[in-house]
Structures are given as structure tokens and as C-alpha cells.
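Peer 1: One letter stands for each residue in the lines below.
There are 2 protein chains.
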Amino acid sequence: MAQLDFWYDFASTYSYLAAMRCDALAEAAGVALNWRPFLLGPIFAAQGWTTSPFNLYPAKGRYMLRDIERLGAQRGLKFRAPDPFPQNSLLAARLALAVPEALRPEFSRAVFLAEFGEGRTISDEGLLGEILAGLGLNAAETFDKAKSDSIRAQLRGETETAQKLGLFGAPSFVAGDGEVFWGDDRLEQALAWAKDARDK
Amino acid sequence: MAQLDFWYDFASTYSYLAAMRCDALAEAAGVALNWRPFLLGPIFAAQGWTTSPFNLYPAKGRYMLRDIERLGAQRGLKFRAPDPFPQNSLLAARLALAVPEALRPEFSRAVFLAEFGEGRTISDEGLLGEILAGLGLNAAETFDKAKSDSIRAQLRGETETAQKLGLFGAPSFVAGDGEVFWGDDRLEQALAWAKDARDK
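Protein sequence lines correspond, in order, to chains A and B.
Going letter by letter, the first sequence gives residues 0 to 199 in numbering that gives the first Met the number 0.
Going letter by letter, the second sequence gives residues 0 to 199 in numbering that gives the first Met the number 0.
The set of hints was computed from the structure by calculation and includes no laboratory data.
Take these hints with a grain of salt, some might be off.
Chain copies aren't distinguished; within one or between two, either way the pair holds.
Stated by the list, open to error - Below are the DSS-like pairs computed for lysine-lysine, each with C-alpha atoms no more than 27 Å apart in a straight line:
hint	residue 1	residue 2
1	Lys59	Lys77
2	Lys77	Lys194
3	Lys59	Lys194
4	Lys163	Lys194
5	Lys146	Lys194
6	Lys194	Lys144
7	Lys163	Lys146
8	Lys77	Lys144
9	Lys146	Lys59
10	Lys59	Lys144
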């Protein structure tokens, strides 16, 4: 089966848009999607940014909010910007690696919906614990695992891999042959590429 | 008839992609498209950038080249990056304002094709003169007009208008109600918006 890696950061608005539709589109395209959370922060920092480019460049930030609102409305998705933006996505990313892999998409969508559908704070352990419990997981055990050295190292490794792949934003999609697509608006193209590459 | 303004900079690769397809799509959508050349340079400078973000952030620049190449291939468009990138687009922008308005799209597409289809230097008066002559225009007279105080002032005014509209990149599309869409990949959405706004 054709494979496509879906790289996302929980702080990223366009990752929210992609997360809410990518599984359905991948299934329709016959492509297996691998959800790979990572952190944009270290990648931004390496190019001299101390915060999101949407904060560094206010005109771009205002446009992004309107763009997400418009696209969300077309897709029946609520949008409410969390405060502060960007949210600290570290714990959510560690948890996404700590939950059973089969539950990672559902966990991730729940985090994105709380954050960008309701404007909630995703570094809050109360919220994250509710989400874990809603998936039938033992929240305390999952937090312990998420804070373990092995999960910390795994997330650092994923972020380093993302950087080596040349990723500089989220969401990004990477096909089996290394082809990179950046942005929710490249999802269809990435799925078509992954399918073609596999059929060759 | 519904109206949509197409703001473009001759140095912009994504403006090339949009320029080569926007008239056909606008016609099919029943939208009148106004071609409005402007300069991104002063807008970039105002946010502290001394060159294109694709040069400032090399990973993004490498990705952009690949993205344009892929999209161009899908659309049957050649792509060859000019050297240096970005090109100095000042004279081409002044000429685009100096030619008869009905010829502006055709002049602009010819400049974009020379620049990004063949990698040529668009500040070169020889090249620009050939393009003008190819449109049946008197090149010497058009250069004189392009370098006149009134065209210089008009281009400065357009760039200031772009900045006031909140534009921060090119291409951008602005509907009659002030709604802004950024990027070649938002062209279809912008046309639909312009049409809806007009039908209301």
C-alpha cells in the first residue's frame, strides 16, 4: 500500500485543518497515512525565529486567522484562536507518541478540536487527561509514559528527522520517495504523488 | 460583473503560476480580473527583510523551487529559475503600467514566461523592448512613458495601496468587498468569493 507521512505540530493552525480531513482523503486515495507529531519550535529557532512567523509578521498573522476561518467555514469546522498563540505543544506531542499508535489520530484530532475549535489551552493537564480518558486510556499512566526519557528522546529524534527532511513548516507530507509537500492545501497533491510513486 | 483585483510582482514565482492561468479561470467564472502590478520589495523592507524570504530561509527556498517545478509540470509550464533570484522587477512593473491597459495581461505573461520559463533577466531593456515590439508597441515611446514621473508615482501609489490592503506577498487577490486571498493556490476560492459577493 502507498504510504504518506503526515508531519504536524499541535500549535499549527494549518495542521488542524489537515488533521480534520487527512484520514478520510487518504482512505479514499488508498494511501496509508502515518501521523508523525514533531516540534516546529527548534526548527524556527534554528532560523532565528523566537515565535511563530504569524506573530513576527502581523499582516501575515491577520491574514492567516481569516484564511483559517474561511476554510473552516467551508468545511464545517469551528475556529477560535487560542490565547496565547502559538500554544505550547510539547506535552501534547509527547502524549501523541505515548498513546497506542492506533489511537494517535483520534487523540490528535481531539487535541486540535479543543485548541482551535474551542480555544482551549493544550498544555493544560486537566484537558489532556480528559481527552485520554475519553479514549479509554489510563491518564496517569499515559502522562508517566509521555514524560519518560524514551518518549522525550523519540520526540527529539522526530524533530531532528523533520529538519533533515528539509521541513520548515507544518503540516508537511512526505512520500516514500522523500518528496515533500508543505501545507494543508497540498494534501491532495501529496496523496496523488504517494499513490503514483507506489504504482510505478 | 463581479470584479477581482490580481496583485502581482514580476519577481514572484507564484505570481508566474497565477498569471498563466488566471484570465482563463476568471473568464470561466464570469469575473472581471484587474491586473495590478506592484512591488513587494518595499513591503518586505518594512518588515525587516532585505531580500526574498526564499533566500533568507534556504529550506523554504529549496522547497519553493521544487513546488513550482511540480505545479508547472502539471500545467504544462516550463520553469527555469533566473539568476539572480529574485530579479529586479522595477522596470517591468513600470512598463506594465505604461502599456495600454488592454495589453497589460499579455505584456505581463510575456515577461513572466521569459523570466521563469527561460530564466532570462527581466531588467534587461533589450528583452523588454523585444516584448513591447512583439505586442506592436513602440518600444522607445513606452520606455519613455514608463520612466516618467507619473508612472513612477502610479507604481509607488499602487504599492502603498497594496500595503494598506494588508498585502504581504504575491500573488494576492482582492475582491470588491476588500476580502484578501494570498497565493496562486487561492485563485479558485477568490474567484468564487468575488462571484458570490456580487450575487448577494
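Peer 1: Output the numbers, in ascending order, of every earlier hint that fails for this structure.
Peer 2: 5, 6, 8, 9 and 10
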